[in-house]
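Peer 1: Residue numbers (the working numbering), protein chains in the order written: chain A, 508 to 1173; chain B, 203 to 778.
The set of hints was computed from the structure by calculation and includes no laboratory data.
Note that the coordinates shown come from a computational prediction; the quantities given were computed from them, not determined experimentally.
Be aware that a few hints might be false.
Computed list of lysine-lysine pairs in BS3-like fashion (alpha-carbon distance at most 25 angstroms, straight line) [unchecked claim]:
#1 A:K1048 - A:K941
#2 A:K1000 - B:K621
#3 B:K367 - A:K1000
#4 A:K848 - A:K864
#5 A:K679 - A:K611
#6 B:K367 - B:K628
#7 A:K679 - A:K601
#8 B:K621 - A:K705
#9 A:K705 - B:K628
#10 A:K601 - A:K585
#11 A:K937 - A:K848
#12 A:K992 - A:K1048
#13 B:K367 - B:K621
#14 B:K621 - A:K992
#15 A:K705 - A:K585
Just so you have them, the derived chain A footprint on chain B, three or more residues with Cβ under 8 angstroms [to be verified]:
#16 216-228
#17 601-609
#18 641-649
#19 716-726
Every residue gets a Cβ at the ideal spot worked out from N, C-alpha and C, and that includes glycine.
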Amino acid sequence: MVRACLDALRKLDPRALIRNPVIFVVEVTSLLSSAVLVHDFSRGYRGLIPFEFQVVVWLWFTVIFANFAEAMAEGRGKAQADTLRRTRTETQAKKLAEDGQLQKVPATSLRRGDTVLCEAGDIIPGDGEIVEGVAAVNEAAITGESAPVIREAGGDRSAVTGGTLVISDSIKVQISANPGETFLDRMIALVEGAQRRKTPNEIALTILLVGLTIVFLLAVATLPSFARYAGAGTTVPMLVALFVCLIPTTIGGLLSAIGIAGMDRLVQHNVLAMSGRAVEAAGDVDTLLLDKTGTITLGNRMASEFIPVGGVALELLAETAHLASLADETPEGRSVVTLAKRQFGLRAPQTGQEQPKFVAFSAHTRMSGVDLGSRNIRKGAAEQVIEFARQLGGAVPPELAPITDAIAREGGTPLVVADGPRIVGVIHLKDVVKEGIRERFARLRAMGLRTVMITGDNPLTAQAIARESGVDDFVAEATPETKLKLIRQEQAKGRMVAMIGDGTNDAPALAQADVGIAMNAGTQAAREAGNMVDLDSNPTKVMEVVEIGKQLLMTRGALTTFSIANDIAKYFAIIPAMFMAAYPELSALNVMGLATPESAILSAVIFNALIIVLLIPLSLRGVEYRPVGAARILARNLLVYGLGGIVVPFIGIKLIDLVVAGLGWA
Amino acid sequence: MFWNALAQVGLFSVVLLPVTVVLGRYLARVFSGERTALDPVLRPVERLIYQVSGIDPRSEMTWAEYAVAMLLFQLVGMVFLYLLERVQAFLPLNPQRMAAVPADLAFNTAASFVTNTDWQAYAGETTMSYLTQMAGLTYQNFVSAATGIGVAMAIIRGFVRRSAKTVGNFWYDLVRATLWVELPLSLVLALVLLWQGVPQNLDPYVHATTLEGAHQSIAEGPVASQEAIKYVGTNGGGFFNANSAHPYENPTPLTNLLELLAFVAVSAGLTYTFGLMAGDTRQGWTLFGAMAFIFLVGAAGAIAAEQHGNPLLARLGIDQRASALQCGGNMEGKEVRFGIVQSALFAALTTDVACGGVNAAHDSLMPLGGLVALLNMQLGEVVFGGAGAGIVGMLVMAVLSVFVAGLMVGRTPEYLGKKIESREMKLAMLYVLVFPAVVLLLAAVAGSTASGLASLSNPGPHGFSQFLYAFTSGAANNGSAFGGLNANTPFYNLLIGLDMLVGRYLMIIPALALGGSLGAKRALAPSAGTFPTTGLLFAALLVGVILIVAGLTFFPALSLGPIVEHLALMAGKTFK
């Protein structure tokens, strides 16, 4: 709070203030009125001084309040930034020279392409890609989550972030960002709002505000001529008061605070937007591409049922399947073991004397299993296992095909189990749809977003899961390239697409999407390609991101509308006050019954300054978003901020006038 | 009286709806080159024009090329008109031996007619030769309006096209607007007017001796033809000084109704055309609805103010009540054959539509009646508006409304699926700024210079309204005069001339650029989260934004003019 107050004064520097044209204009006119005040004082126009002095004071308060709003918004991020900055500056790096020698250097001297060694207990000195090794890394500095994550060379979990802590093992990291450009640096700049550039919509809105300011400048600057014709006098503080009340100071003063607060809200959700543009785009998104696995369904398929064929006993099937899966370290394989254990208490492998020979799963054979002496046990895709059994001279039980078909239709995957030539049964592998996902999709639909599921499954399976999860559309048998193609197609149809990705092969699609959210656990390539990073690596968070984007835009629109609607009351306060002397009939326009012309003008100026402070909480919190469709949101907000914007100042100015007149200020 | 007024306004409104649809459809066909019933007659003429002038009507122009072609065409037309006025004394068809028009007046008149304003600082029957009237003024009545319609088509194309570089061909639009739209409409209207008693000849004025033995010179000429295009093209420049209050311009209540319809027809029709071209007629109806609402409220206000009469006269015991024998109300400056309703309706609509033809003296309207006329123009020519200019102004206001309120649905603003970004905002704000800038600045100059104040015929707020009205009318390309202001002085001729040129071209150019800029964009598909730009809510928002923008800009000035005049009048105070 104290820091915000000091910052508010520091921001009075016109060189900084010119970034905010509306408030800059207020400062210039405040200076002008201050000069007039000094002039009037030196000339000894005693009668004018009390009124003019108070107007000038409140004009300055208008500028300071606007600065204060921005400082408040920035203040929230500053503390966080300080902590982050400390990790950055104190790090020492163990740089690997070309000849393999280790050198201790400060982290700030590392350049892109350098390789460093990080051992247990070291802070990783910069962003990079693991080139060798595997390690448990504590990323609490970035994510706030203290449970360590595994990072390893190759694959989709190879990126590490500067400032995070290696807990076990050691890794070699190739640095991928120069100092000042690292993730941490970007994050510091972001939470501080230091290098905040205006977003496209902010620029457009600023143009509108500047345009309105010019309109009111014209309306006020031509007034002395009209007033002279009417035989009325105007003074500079009076004209400035009218001008400052009319120009959109409320939204002008709060605009950057709204933007900073929006970014800050994302950070609180552990999402980093690389630019404000991305946050705006998030509000616009109307199509959402979601990977099935991990987003809609729990990561993996689980064995849910054993179905014997050819008169085999259920327990025998379970036992055979259990044997076939013992060496299968895939989640599916483990789930078979778990199911067998749960249903029949199968535990120790009953291998007998023979040494088991495990056959690993390969994409080519699409089977895995075990050879126990003469027994060749296999489980795998129906086609391949049937082929395997046939080659050994086995027959296919007639009930097999209907069973596998039925499982596939329901969205499951049938794994056929064979003991040599004999096909003993089917394992039903099932995708488990995440709890509550249906409600989430319903909410997205209400927000106007269409969800598209992407999966490598066959269309039948995909359709079953789509039905169960309530997703709007799906693309089956997708390859990594499908995503990019799909995004381009959707965009050509005029849609704004968001997608979530983590792997290197997601990078092109992340870059092509209007909003690309990369998982922090993903690869460096994916993180570079996306325009947002989710530090929690939680794919369903896209909903919060979209809502925050919408909130940000709504808050801007609501306060702009409110600001403009306020002007009506201010006219009714100031115009009769200005010309009452020349045309006493104009007192009919003094509908608020303000006490004196001076108190009317002063009250309008005070209202105009105070409303900025009163709206700071709203601009930091954001206007509440409800997924009820655009027409209803518009009607509601027009009512609250449009009509409210017309009515509130009539009441506010009247109340202030009562106080001002009561205290005898004017 | 209420039911009488409702019936008269209702009749007009009911007839306007089918006119909007039929004409809107026709316009869409004409400008997309589809077949129309008039093609057998007009196609050969069109082809001939292109052949003679070496135009390839199929070569499309960018917005900038379109603007340059339009400006060059207008510049040549303005120079030609100026020269014609200056040398009319040496040219034929001048039976009354009119002298050369003075330089300042000739400039003002030339600017006035090329900008589709038709502000007249002169009296037609004592200044212009028949040749000037026909080859100069009537010619511009056609092409200035055709230019406006063409520009509107170009801008509409920009709004509805996707990822396009071009907005159409200016010459094609110009020729089509003239041949297919204005010629047939004004031909029909001229014939009806002739039937109703409007003269059409090239004879010298008739000299008559009145019953009192006084000598009177009765002006006539090719009135019907000019009268027709005066309205079809929303020009409003009368053949006679009294404009449509003159019995030779507007002899009967029937011609009054037809003239009202004629000047609003194209502007109303273009809203429907826009809807058709945007692929959703509701888009057009929403704009139409916003226009109609503002028009009806204004007209109702003006009718009520005029019917209420003048409290100062009431105090003298003068009967201003409506009865079987009189329509009552404030009849100063009004024609008995039109009465209160047709006069107030005309005053409201002519200022809405940027037509400027008048059938009553606006100077004599009650302060609130005058306020309606003044405010209608200050809305920026968006309530139906001048031929073409109206829909353009309304589209700019729609862009503005979408921008301000569109954010409130939580998306960056878009109109017809096109994102409104900083370039569009710059252009829209430029368009919005030009009008108040030129009106207020010039009025401030007039209000603080001796030459500005010397032309006023009334002191106090009414005098203020006189010059505020003049600059408003000029910049809005309306052309109606409040009256009472001696506008034919070098000061006003130059300033209002400038006023009209700025109010026309400095607004058209950003609007064209806006069309071009939107045309180049891809369109986003609508979804449940899309800001709805059709329906009551958006129409209400549009009305609100239009009223607030104009109201906030002009409220201080209006409060020193008609508003305080009204309040003073109610208090029984007059200004001497």
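Peer 1: Confirm or reject each hint.
Peer 2: Here's how the hints hold up against the structure:
no. : hint             : in the structure
1   : A:K1048 - A:K941 : holds, 14 angstroms
2   : A:K1000 - B:K621 : holds, 15 angstroms
3   : B:K367 - A:K1000 : holds, 19 angstroms
4   : A:K848 - A:K864  : holds, 22 angstroms
5   : A:K679 - A:K611  : holds, 15 angstroms
6   : B:K367 - B:K628  : holds, 20 angstroms
7   : A:K679 - A:K601  : holds, 10 angstroms
8   : B:K621 - A:K705  : holds, 17 angstroms
9   : A:K705 - B:K628  : holds, 16 angstroms
10  : A:K601 - A:K585  : violated, 30 angstroms
11  : A:K937 - A:K848  : holds, 18 angstroms
12  : A:K992 - A:K1048 : holds, 24 angstroms
13  : B:K367 - B:K621  : holds, 17 angstroms
14  : B:K621 - A:K992  : holds, 24 angstroms
15  : A:K705 - A:K585  : holds, 19 angstroms
16  : 216-228          : violated (count 0)
17  : 601-609          : holds (count 6)
18  : 641-649          : holds (count 6)
19  : 716-726          : holds (count 3)
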